[in-house]
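Chain by chain, the residues run as shown.
2 protein chains.
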Amino acid sequence: MNSRASDAPIAVELAKKQKAISVAEFFEKNRQMLGFDSLPRSLITCVKEAVDNSLDACEEASILPDIYIRIKKVDERILSVVVEDNGPGVQRDVLPRVFGKLLYGSRFHAIRQSRGQQGIGISAAVLYAQLTSGKPARITSRIDPKLPAYVYELKIDTETNEPKIISENYDDFFTSRGTRIELSLEATYVRGKQSVLEYLRNTAIVNPHARITLVDPYDEKFVFERACDVLPRQPVEIKPHPHGIELGTLVKMLQSTDSHRLSTFLSSSFAKIGGHTMESICREASLDPGMSPQELAKDIEAVKRLLAAFQKIKIMAPPKDCLSPITDDLLKKGITQNHRVDFISTVSRPVSVYRGNPFLVEAAIAYGGDIDSEGRAEIYRFANRVPLMYQQGACAITHAIERINWKNYGLEQPKGAKAPIGPLMIMVHVASTNVPFTSESKDAIADIPEIEDEIELAVREAARDLGRYLSEQKKALDARKKIKMFEAYTRELAIALEGLTGKDHTVIESKFMEVLSKKYSRFVGPEEAEENGPQ
Amino acid sequence: MNSRASDAPIAVELAKKQKAISVAEFFEKNRQMLGFDSLPRSLITCVKEAVDNSLDACEEASILPDIYIRIKKVDERILSVVVEDNGPGVQRDVLPRVFGKLLYGSRFHAIRQSRGQQGIGISAAVLYAQLTSGKPARITSRIDPKLPAYVYELKIDTETNEPKIISENYDDFFTSRGTRIELSLEATYVRGKQSVLEYLRNTAIVNPHARITLVDPYDEKFVFERACDVLPRQPVEIKPHPHGIELGTLVKMLQSTDSHRLSTFLSSSFAKIGGHTMESICREASLDPGMSPQELAKDIEAVKRLLAAFQKIKIMAPPKDCLSPITDDLLKKGITQNHRVDFISTVSRPVSVYRGNPFLVEAAIAYGGDIDSEGRAEIYRFANRVPLMYQQGACAITHAIERINWKNYGLEQPKGAKAPIGPLMIMVHVASTNVPFTSESKDAIADIPEIEDEIELAVREAARDLGRYLSEQKKALDARKKIKMFEAYTRELAIALEGLTGKDHTVIESKFMEVLSKKYSRFVGPEEAEENGPQ
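Protein chains in written order, with full-length UniProt numbering: chain A, 1 to 535; chain Z, 1 to 535.
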């Protein structure tokens, strides 16, 4: 066991192998973490990253998005993908890094809802393309109609995680303003539930201000027209909310602030800390509002007291305007556009906070109509207006739905099944300044207790509405059965009573019907009510 | 919509916000990707990363691991975690970066099975600890009994992703050789299925050569004793296998090789390419074995032909010795140690390849005994001898199991349920030189088609054994019923026949029993057979 004890320590030998790994090398080896694990999914991920970028850019520049996607077959293995938008374009100085460097972006530090957050997505698509096709990405961008467009061909140098420019040119004929990316990659175009078309369809539903066009490898053209000409209100960038902020983050903020007094630091660095709240916090934490934040940072115990005061003192919820919910109307429209349903209920929860990040949950439940009634309930997941296509089993949305005992709401849930079965669609949207995804592929929301609880509350609320509807339906069904039964015997009973009372049986019969229609009026449809007697 | 067209292009403004993000900042914001999403899970992740590291280090140094874990409550929020091993220690020069820099490690570039692959895990625990407790990590290591141990207190500077050394000292009294890490972190100690204890129990099962000791916050001590004194065969580092290697990777290999001839490049850079195979490949690809690899790299079409030839020419499977399977015996033992079962079947698949990475799948199915018969089948997942505790719904193991129609194997599977229900345990181990996890938290294996297929094949094979057993059980049950029925009437029949034939009824009866025991011998237990007649 210890045969080497007399030699130089093994640790010396092992240390020689220690080496830094570039983030590009890391993701090249682990591209499944970025959503590139199978050929159909790789295509969806690639389109998704480009479209998300285009939508974010257009909205930041207050432009109604017009996005064109073309997918072509190059050979047996390789597809070419073009995504073109009418966005603001990408400035020349930063373009190579925006597309050719992982962890480079503009939205990472902003506390505001956006689709892209991490500065990884589109560069990951470039990385996957060069890995599988050997070809560089080709990017054309024009930031001003008066200037020519520039065209870059670039790769990512994985050892350094820096862009490697292959060629650089001008293009005078490019659209008046916008960006176009062209990639060649190993991928498969499929149809069905997990497909580019389905992703675009769902994207169009929750982004009705965008026009999206797809030309598929069979030259078939799909256009998702704009349903409205108004941009969604642009989410406002806010300061962090004190609730759930981390000790380490707080220390870092104290160290790096320009404020000289704790009081100024508190009211200028956080959302929802006004003068009064600031004073209460300092008193609760036994801290002098005049003390230096930098000094405070050195005393961990005092910072802990400050953190505890954040939790104890009542602080208003963060402003909703950093978020951009889908809204009831669109959730409803999203479902009814593709389905005829018997019942629909939507719920929008108030803004809540996890780890200092504001978030809100919206949910909709639809039932009946032409929804498939055989299998499990269908779950549609959205995060920051982006449909989530993969990893349903890993997502807090699914887990929250599975925590619910659906029998309580009148639904069927067989032993061992985690979700209800029946003609049911459940749609959940989580909007946040920082959606906590389980991985860089952004397919599933992590099981953050605060978020899971809010999802469960939203879905339960919608499920209660459904439960009431189903129980009404059941009552109505029972009542109708009773009415039918009663009707069947009314004539005979009336005739028998005519013999006993001497009254005309038609009078008795119409009296009976009157009683019936009073008692069961709410279960009788308008025509039936007319047929069956006076109102 | 276009109100800003006359100003400076918006792109110029947007470009100012573009910024590189350090990988430490990224994971600080997205710590759920590293397995730090809830308080109980954060504790498990922290212990797991430290224990995985200890096991890897001990095995690399051929030391039988002896790992001690102590978890203590510091205050309401904070736990302190100590993990100490008898491994080779970490050399002083590299220690700060091993524990204080993400993406720094020794196993990333080695093609060989190991628990750690990414150089992220333990630094992630340090990052989480400093973020939530504000405290640095304290690491003590001794690489030689003749030298003193050194003690570091360090944090990670998230803006640069470099270690920040807080203090540096010697400690003469530390154990003769090994490493100790102490972290303070926000976490919760829980018991039950997803707990530190359960993780250690499962780790001990598949690492019977390790002694693992836990002292929990209630001062209760759990010792998982060594079940064997022999280290598992150390996995051998190999070259990449040509099957499924990526075009981009191949180009990079061609560019950076020292070989001057394609022939030397092929046989020296890949596993399982000998002289004969090399010639066949070159012929198939219409390439001159004498050509320069660097020249070849410039001709993408020619590289594509080489890649196609790799797939077309028969190449031997990669050697098994880069992998370290759990083996049948241990899989069986793993299940029977904690359960009394009626039936168990184990399967070990041959080595296969995805994207050039060798992997193999082992599976075991146990049935009956004291396994809970009410709920869904329990799934136990392992990757490179590490139990996977979270994200079951996101894992290729689960997905492969859900693809199977379990009714075919005599099991109950209600409508809408994806897994069978009944007293069933399914255990799957995936061993690979590069396990494709869905995220850095290494909780779930991505849906790589090659891997999912192999898992399905392994589980199906075990399920077929179970199916045969269950059908035998059913037959035996039916036969026993028949025997019971027959026995009940034998005496009366014999007496009736005595009257007809004049033979003594006891003789007739024993004749009957003889026939019965012959026909149903395999369904009659030894005692019953003795009771019922001659052998």
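Do not take every clue at face value.
Pairs involving identical chains hold if they fit within one copy or between any two copies, as the list cannot separate such chains.
[Unchecked claim] With a straight-line cut-off of 30 Å between C-alpha atoms, the simulated BS3-like cross-links for lysine-lysine are:
| # | residue 1 | residue 2 |
| --- | --- | --- |
| 1 | Lys19 | Lys164 |
| 2 | Lys518 | Lys482 |
| 3 | Lys16 | Lys146 |
| 4 | Lys252 | Lys298 |
| 5 | Lys193 | Lys17 |
Calculated from the structure, these hints are not laboratory results.
Note that the structure is predicted; figures quoted are calculated from it, not measured.
How the hints compare with the structure:
1. Lys19 <-> Lys164: For lysine 19 and lysine 164, the Cα distance is within 30 Å both inside one copy (23 Å) and across copies (18 Å).
2. Lys518 <-> Lys482: within (14 Å within a copy, 64 Å between copies)
3. Lys16 <-> Lys146: Cα proximity of lysine 16 and lysine 146: across copies only (21 Å, versus 56 Å in one copy).
4. Lys252 <-> Lys298: within (11 Å within a copy, 49 Å between copies)
5. Lys193 <-> Lys17: neither (46 Å within a copy, 37 Å between copies)
When the structure is compared with the earlier hints, a violation turns up for hint 5 alone.
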